[in-house]
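Asks: Listed below are the residues making up each chain.
2 protein chains.
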Amino acid sequence: MADTITLGVFASGGGTNCQSIIDACEAGRIDARVGVLITNREDAGALERAANHGIDAHIVPVGKDLSEEFHAADERHVEILRDCGADLVCLAGYMRRIGSGVLRAFERAVLNIHPALLPSFKGAHGQRDAVDYGARVSGATVHFADEEFDRGPIIIQAAVPVVPGDTEDTLGARILQQEHRIYPQAIQWFAERRLKVEGRSVLLDPPSRGSYDTQGPGVIISPPLETEEA
Amino acid sequence: MADTITLGVFASGGGTNCQSIIDACEAGRIDARVGVLITNREDAGALERAANHGIDAHIVPVGKDLSEEFHAADERHVEILRDCGADLVCLAGYMRRIGSGVLRAFERAVLNIHPALLPSFKGAHGQRDAVDYGARVSGATVHFADEEFDRGPIIIQAAVPVVPGDTEDTLGARILQQEHRIYPQAIQWFAERRLKVEGRSVLLDPPSRGSYDTQGPGVIISPPLETEEA
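Those protein sequences? They're chains A and B, same order as listed. Going by my numbering, the first sequence opens with residue 455, and the numbers climb by one from there. Going by my numbering, the second sequence opens with residue 455, and the numbers climb by one from there.
These are calculated hints, taken from the structure and not from any lab test. Hints should not be assumed to be uniformly reliable.
The list cannot tell twin chains apart, which means a pair is met if one copy fits it or any two copies do.
[Unchecked claim] Derived pair list, reagent style DMTMM-like, types lysine to aspartate or glutamate, alpha-carbon separation capped at 20 Å: (1) K518 x D457; (2) K650 x D623; (3) K576 x D586; (4) K576 x D604; (5) K650 x E480; (6) K576 x D659; (7) K650 x D620; (8) K518 x E646; (9) K650 x D586; (10) K576 x D519; (11) K576 x E533; (12) K518 x E480; (13) K576 x D667; (14) K576 x E523; (15) K576 x E522; (16) K650 x E533; (17) K650 x E529; (18) K650 x D600; (19) K576 x E682; (20) K518 x E561; (21) K518 x E680; (22) K650 x D477.
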């Protein structure tokens with residue numbers, strides 16, 4: 455086991471990814487604890503989840519991108535993250551740009567999850583865009599965040615089929631199931647200090663001991679998961 | 455079984471996709487025969503494959519895109535395809551743009567295969583671009599061709615993992631294995647008149663009777679294959 459790391463989680467919405475991270479921590483499946491939740495919205499479902507688990511939470515409105523309020527929020531984010539001793543920042547359905555202050559203070563320590571196989575279907579509607587494009591396979595991506603949306607080096611991807619009659623919601627639910635598997639895994643690899651970034655490539659060292667055999671039909675998780683029980 | 459359709463196959467390179475189509479025809483796995491091979495290169499490996507199987511072949515140099523020679527070649531292509539009674543045109547590693555004459559004469563009857571999960575990694579180097587991007591999952595796509603490269607409605611996709619140490623060649627080989635499974639399947643669905651295009655979506659009617667269970671770990675083929683034996 456690795457030393458327990460402290461996570462600062464950002465969420466704007468219902469917070470199911472936040473919940474899957476909390477659950478993985480509490481079940482001891484990953485060597486991490488959620489130190490703080492930060493949201494930009496008073497009505498974020500993630501706030502109730504944090505409260506239920508006794509996790510400190512902060513609502514920080516961010517204003518327009520790159521406005522004065524945005525930069526003040528960025529500074530406030532850094533302050534909150536430092537106060538809780540965060541080692542890693544996890545964007546979990548945080549629908550706003552992350553500030554350059556956070557990116558500098560947590561260099562190569564900010565993760566994001568996106569509901570598509572990047573570089574396909576970047577942006578706020580990954581699930582809908584995949585359906586509209588007529589894609590037959592889509593998925594989810596956990597990557598290091600950088601200054602540009604949905605671009606940083608990829609840690610892990612999960613692929614699932616798009617099936618006849620799929621809508622944004624049905625495909626979204628299928629992808630979400632895999633998001634909840636891969637985000638805790640990415641965090642665990644970070645905690646174990648096994649992620650080395652070389653240019654755009656993320657090297658997992660040593661390689662995953664998991665197997666494609668155990669993922670179930672119609673799913674590819676790459677690198678294979680190690681965090682789940684057989 | 456459907457009536458046997460006649461294929462006009464275009465190839466520029468080694469022609470392994472051309473070979474997989476010929477093999478599927480000869481083994482009776484698909485209701486099709488290759489009526490003609492067209493290539494732009496005298497040294498195309500596909501020429502020998504055609505000769506080995508008694509398939510009529512034509513070398514048609516195409517010149518620069520949209521040049522006079524290009525348009526003349528486009529007309530010649532239509533003539534050759536009509537002479538052999540082609541029902542369906544299959545681009546199989548044909549590295550040149552297909553002319554608007556062929557696209558008009560064979561409306562919604564020109565297929566292309568691309569070694570990536572479109573819309574990711576369009577262009578001539580799908581395998582290399584996936585490795586360089588640090589993608590963890592890539593694959594192959596069979597789609598209806600239209601005027602723009604790698605854009606038309608998607609029929610079937612196969613996804614595979616990118617594994618540590620992969621190069622353009624090792625990933626390419628893994629993808630090629632799946633290309634050889636999905637291209638014959640797409641042709642068979644066309645022969646069975648089960649492909650209906652609605653905007654960007656291709657409806658397979660009736661849906662595939664195949665299963666994700668039989669594809670092997672680390673592979674997603676969607677819709678699932680029907681052409682292979684259990």
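Asks: Check the structure against each numbered hint from earlier and tell me which ones fail, lowest number first.
Replies: Hints 1, 2, 5, 6, 8, 11, 12, 13, 14, 15, 16, 17, 19, 20, 21, 22 are the ones this structure does not satisfy, whereas the remaining hints hold.
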